[in-house]
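Asks: Taken in order, these protein sequences are the chains called A and B.
Going by the working numbering, the first sequence opens with residue 1, and the numbers climb by one from there.
Going by the working numbering, the second sequence opens with residue 1, and the numbers climb by one from there.
Non-contacting residues of chain B with respect to chain A, defined by C-beta distances greater than 12 Å in every case (computed): (1) Leu102; (2) Cys148; (3) Ala225; (4) Ser236.
One-sided and incomplete, this derived list gives chain A residues near chain B with beta-carbon spacing under 7 Å: (5) Gly68; (6) Arg70; (7) Cys121.
It should be emphasised that the hints constitute simulated quantities derived from the structure, not laboratory data.
The C-beta atom is built at its ideal place from N, Cα and C for all residues, glycine as well.
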Amino acid sequence: MPLLSHIKSLLGLVLLATLLVGCDAGVPEPNLAPAKAKAAQCVEPTADMRKNHMVYLDVHRDKTVIEGIRTNKHSLNECINCHVVPTREDGSAVHYTDEKKDHFCASCHTYVGVKLDCFQCHADRPQIVENINYQHKLSSNTYHLSAQSVQPDMNDLLWLSQSQTQGATQ
Amino acid sequence: MSQINAYRRKFMATLGGVAVGGLASSVILRTVQAGDVPAKPADQPVSNQVRWGMLIDVNRLTDGGASMVEACKREHGWGNDPKARPEQQAQWMRTVKVTDKLTKYSFTLPVMCQHCEEPPCVDVCPTGASMKRADGIVQVNKHICIGCRYCMMACPYKARSFVHESLTDQRPHSPRGIGTVESCNLCVHRVDQGQLPACVEAAPNAVIFGDLNDPNSRISQAMKALGGSQIRADLSLNTGVRYLGL
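Isolated chain A (complex conformation) (with noise of 0.2 Å):
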């Protein structure tokens, strides 16, 4: 009797062990072709970094928050600008939350069932369009931009007319 229950468990691991291989095989790689044409490597070694990216991005966070310390090593704009691409071949825009979840973060955590909050606030993906010279057309002509006065730049108001159709369609 015990023999034979053993046999079956033994029958049962077998099956388990096919069946986790099996899995194994299809488990998705994560998205990592935008980072690997700008960088050999992650900011930590790379095992390091899927186990232990989350505790990476809490402790910085409140470092920079509360105690204003602004080191890019850690730093999740760092991370979206290296590992996320703005937009796909097809010109259209990268987001965590698409459907075909090939934005860096997404493409693992959809797998592993991780659901973040992170970005209902941080930007998921690198800004494409930034003129930190143009100012708004209401700003009297009497002020100067420490910079210089530079015309609005046609791009800079296509980037805000566009942030405002997509989140029309929302």
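Following the hints, complete the assembly by docking chain B onto the known chain A.
Replies: Below, chain B alone, put in the same frame as chain A:
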């Protein structure tokens, strides 16, 4: 509307101060100077040796501060939230028009978080999200903000707003999102890197930004010579944002 009027009346009543500024200040209020905000090494925490403050000369603001408000909107990306009704839009900074009932003399000034030394918003916060940094900057630590909005009610300057809707494509340097309170943070991300706040840059001839703790800073010198009134000085909050020409 009547509420706003009541607010303005109270506001007026406490302004009362002397009309300095404009004339005398031209010597000191020149252009923005890079030395006002010494760059801090990125890996160093902020210290309480410094207290950031701002002096706004209302008479030199030819547009009552509208360009400062626009610069703020642009820097932080508020004011254009797609689903919010106009009265719901976030408002980190606004212009307030004040009229003397008797003389009808009126002027406009920009009002935002006054960065109190004794901030009521910090006192009432149940989670510690509403906080004052060591260098005197009052801000919301949105990571622990639960959106209860006590701070909005506690603030005598109506300086805080609440985000009601999901947002995308925020400014990377100014994260803002649904369910949290926000307000002027004196552009912490810029100040920490030795840059001036965006609104100061937009009105370099009317505003000085700098260290109130340093007696030799331009802002301290200007305030020593010309004063610098607080809005609602009666509340004894010792604000970091001061005005000339109220």
